[in-house]
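Chemist: The residues making up each chain are set out below.
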Amino acid sequence: MLFSEADGQKVVSNATAGTVGKVHGLVVDPASRQVVALELKKTDGGDTLAWEDIAAFGADAVTVADAEAIGEPSEAVAELTGKDHRLVGKRALSDGGDELGKVKDVVFDPENGAITGLVVEKEELAGERLIGVGSYAVVVKAE
Amino acid sequence: MSRLMRTSEIEKRPVVTMGGEDIAQIKDIVFAASGGEVGGFTLAGRGLFSGGKKEGLPWNSVVALGSDAVMVVDEDALQPKQEVIDSSAASGGSGGNVLGSQVLTDTGTDLGKVVDVIIEIGARCDVVGYEIEASEALANKGQKVLIPLPDTLAASSEHLMVPDAAKEFVSDDLAGFGASVDAFRSRLKGSD
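Top to bottom, those sequences are chains A and B. In terms of the numbering used here, the first sequence opens at residue 153 and continues consecutively. In terms of the numbering used here, the second sequence opens at residue 1234 and continues consecutively.
Treat the hints with care, as some may be off.
[What the hints assert, rightly or not] Pairwise CB distance ranges, derived in the manner of DEER restraints:
| id | chain 1 | residue 1 | chain 2 | residue 2 | range |
| --- | --- | --- | --- | --- | --- |
| 1 | A | 250 | B | 1409 | 13 to 23 Å |
| 2 | A | 276 | B | 1397 | 34 to 44 Å |
| 3 | A | 226 | B | 1415 | 50 to 60 Å |
| 4 | B | 1368 | A | 287 | 43 to 53 Å |
| 5 | A | 253 | B | 1306 | 57 to 67 Å |
| 6 | A | 227 | B | 1389 | 21 to 31 Å |
| 7 | A | 171 | B | 1235 | 57 to 67 Å |
| 8 | B | 1415 | A | 262 | 45 to 55 Å |
Hints in this document: simulated from the structure, not taken from any laboratory. The beta-carbon is built from N, C-alpha and C at its ideal position, and this holds for glycine as well.
Here chain A stands alone, though its shape is the one from the complex (with noise of 0.2 Å):
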């Protein structure tokens, strides 16, 4: 699944089939290449979403046991979250210090979170390729 096709999906409640929030980004870790959490939006209460906590992420929904799953983030993944973590947009820099273009998407497996690809301009690079994400840019192998 690609991370533009996540975005904006609803976070529904098995307990209550009601809609508890709306996907809003997805957070990194680069040193594990795994989608860590879900950042929330239109929740009640807290804006976090852990990937343990999911029930299941469905082609048109996220599904979580209860609205209890939602709430605000650990440390280890507030340390991931804003604008110098977010992959989309950002220059992707080869490790041999050549740029390759911008980051469109990113490809992850909903089964387990594992980032499997990066779509830099119009080509996808696996996901292993991964190195580090900051404020200046996401760092890939060079091939």
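Starting from the known structure of chain A, arrange chain B on it as the hints suggest.
Modeler: Coordinates of chain B only, in the frame set by chain A:
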């Protein structure tokens, strides 16, 4: 694969960590080994109003020098600027600026003035040539041409001495220059 670059292109290039943070930008090149190698860089801060930094970047902390950025592992790559300058000077580095110096052959012909320095990036960062504004001794007087350098060279603040044969290996652009340097250096070795 090694790669040739003009040192003027490196100035202002950002220094970026593997974590994607730009921690500095290149201010000046610190030469080592009598001007035959790059020992490191002095740095400036990023942003419009930031001046020179107290830290420098030694060449052995550089992971890669690409066309858009100088890559380092993390902030620990930076060292006090004076240490970078001193350790380069210890290897016989001139540390000095060669731009504007006159290139003389060992037979006493003026080939022109240095306008840029050409480096080859590999395990070391070798100075392999100069871009000079050609004198009348060369066919294309007044134009900028590239001249290969021997492995070691003698330099003072006024003159850089090159073997007479260097003028046979002049090229017009970087594309063919790597081959010229190799041919020139193997010629010099053959004549020993």
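Chemist: So, for every hint listed, does it hold in this structure?
Modeler: Now the hints, each set against the structure:
1. The supplied range of 13 to 23 Å is met by residue 250 (chain A) and residue 1409 (chain B), whose beta-carbon atoms lie about 22 Å from each other.
2. Taking 34 to 44 Å as the suggested C-beta distance range, the pair residue 276 (chain A) and residue 1397 (chain B) does not conform, at roughly 55 Å.
3. Between residue 226 (chain A) and residue 1415 (chain B) the C-beta distance comes to about 57 Å, which sits within the given range of 50 to 60 Å.
4. Hint check: residue 1368 (chain B) to residue 287 (chain A), Cβ distance near 48 Å, so the stated range 43 to 53 Å holds.
5. Restraint check, residue 253 (chain A) to residue 1306 (chain B): a C-beta distance of roughly 24 Å breaks the suggested window 57 to 67 Å.
6. Between residue 227 (chain A) and residue 1389 (chain B) the CB atoms are about 59 Å apart, so this pair departs from the stated range of 21 to 31 Å.
7. Remark: the range hint 57 to 67 Å for residue 171 (chain A) to residue 1235 (chain B) is upheld by a beta-carbon distance near 58 Å.
8. The hint said 45 to 55 Å for the Cβ distance between residue 1415 (chain B) and residue 262 (chain A), and at roughly 53 Å that hint holds.
Checked against the numbered hints given earlier, this structure breaks hints 2, 5, 6; the rest are met.
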